[in-house]
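**Q** Numbering (full-length UniProt numbering), first residue to last: 1 to 609.
Treat the hints as calculated values from the structure; they're not laboratory data.
All values reported here derive from a predicted model rather than from experimental measurement.
The reader is advised that the hints may include incorrect statements.
Unchecked claim - Once the Cα atoms are required to be at most 30 Å apart in a straight line, the calculated BS3-like pairs of lysine-lysine come out as:
no., residue 1, residue 2
1, Lys224, Lys333
2, Lys202, Lys333
3, Lys252, Lys333
4, Lys224, Lys247
5, Lys202, Lys2
6, Lys252, Lys227
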Amino acid sequence: MKTIRLTAAQALVRYLIAQKNEDGDPVIPGCWAIFGHGNVAALGEALYGVRDSFPTWRGHNEQTMAHAAIAYAKAKNRRQAMAVTTSIGPGATNMVTACALAHVNRLPVLLIPGDVFASRAPDPVLQQVEDFDDATVSANDCFRPVSRYFDRITRPEQLLTALPRALSTLTDPERCGPVTLSFCQDVQAEAFDWPESFFAEKTWHQRRPAPDAGALMRAVDAIKSAKRPLIVAGGGVLFSGATEVLKAFAEKHRIPVAETQAGKSSLAASHPLNLGSIGVTGASAANAIAADADLVIGVGTRFQDFTTGSWSVFRNPARRILAINVTAFDSYKHDALPLVADARVALEMLGEKLGGHQAPAVDPELKRTWMASVAAATDAPSGNALPSDGHVIGAVQRQSGEDAIVVCASGGLPGELHKLWQAERPNGYHLDYGYSCMGYEIAGGLGVKMALPERDVIVMLGDGSYLMANSELATSVMLGQKITVVVLDNRGFGCINRLQRATGGESFNNLIDTARHVVPSDIDFAAHAASLGAIAEKVDGIEALEEAMKRAKTSDRSHVIVIDTDPMITTEAGGNWWDVAVPEVSERTQVNAARENYLKDRANQRAFD
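Working from the sequences, and respecting the hints, build out all of it.
**A** Printed below as a string of structure tokens:
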């Protein structure tokens, strides 16, 4: 057996370079890195040696560079992922939030935090977390509950099994999610005689499991017997590459489609059978059909509570759920009729078995009425009042082509975008709404642009999210990855302030003016963005915003547009109740009244019948 002598860090990098997907592209095309104690010496040297074939990108924050990596993988529909390495201690634990985000959203990312010395010779080493009762614990154990696969590399040869397991997790449609290889820093530098065959090029093929024959026929029978079926398209439609198959299936069998946050852009918004968003932030058309549906066909969705309205959207007592999902865990939820399979394969096989079967036609007036509501919410406002989020969304949409990708994550904007944004092309709508992580947006936009450089990327976020994490704006400028960022300044956490008020609370600690302060806040977001190297401007009103969007299209680097908005206005049309527990005991009458309404609304929950 021929061998080659390499350090463990060199071996890890060389192995990653050799892994390809079935398109011939690298599974891991490069690595994000912030070097520090625990990864700068050995892993830094290994990455330097392959810098031309395996690029290393420098981030400004460990969490946000991991967000960029995760967004890249999502934009690539999980066909590719990125590696991210940090120092031990705070560098590592800064990534835990991003790891959880990837875990919730079923997205691949390879995290390689440095770790303590396996030899324990300098114990305790700088930044080491010491457990008084367990000497094997390090800060990296925080990754265990939010990783799909976790391993601590304490000997070089452990990579011979750990790396194939890591890649199998990153590329498997069911197990897909974050992998953490906690890499002891002294082990990174140790040499080993590796089999040359370990570094031979390998192709990882996308597994497409077909459904069980019996389960398939039960699904066919359920669809044929349904009088009012509804398809709920989730992110699995995009990950499976099933958008065209979904369109053909819906058209052939005349079944309307509603989209989750992750599934939005699965079907062109203009398609007659696309009734829009579903759930808490749902369109009136989709939610009206959902309330009466006797069969809900979930395709690649995990039925998160915003999709189900905490199980108050699907209110028909005779309702059944058919859950098509590559993950058995998701397919069996809520006593559903499971169809465990790849989304594309399942829809193709169902379509063949259903033959010419068609569901009753849906009243087209439902969609026309909803689109009129969208127009009313997004048209430019009259007068000098501050614009709403919907007004801003309308302006951005009018100045964006069909190829544009909107990126967002948290606050009130995801709800407004889910209702109002019209996505015509797959992947034109990119949100983290599984973890709804403030600070994902700008970093996510950078990752999306790196994945799909030919498309315009527009990041929309509030002032709260901008302040939470903005440093990768500088990275986008540095890397020449142009994004357009629209900052909606409502002077605080407007979304949570509205929720606070809706549950009987006073405005408290959310809007900047109602939070404890000595000096009133007056933040110049445009000046801050300009200091990071972006072109930046503040506009006054919707007409000025549209003109700024035109300028942003021709900018040679990332362009930030700031606009003041009203923190209280939301789109009243559509929507649905969401279970947010209201205090059972309070001295305040507003809270007691909200509690009474809460109990009435809970009566509509139908998780089981």
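**Q** Now look at each hint and say whether the structure bears it out.
**A** Verification of the hints:
At roughly 22 Å between alpha-carbon atoms, Lys224 and Lys333 fall within 30 Å of each other, so this suggested pair holds. Note on Lys202 and Lys333: the hinted pairing is violated, with a Cα-Cα distance of about 36 Å set against a maximum of 30 Å. Simply put, Lys252 and Lys333 have alpha-carbon atoms about 28 Å apart, close enough for the 30 Å limit, and the pair holds. A hinted pair counts as satisfied when its Cα atoms are at most 30 Å apart, and Lys224 with Lys247 qualifies at roughly 19 Å.
Among the hinted pairs, Lys202 with Lys2 is consistent with the structure: their alpha-carbon atoms are about 18 Å apart, no more than 30 Å. A threshold of 30 Å between alpha carbons decides the hint, and for Lys252 with Lys227 the separation of about 16 Å falls inside it, so the pair holds.
This entry does not satisfy hint 2, going by the numbered hints stated previously; all others are met.
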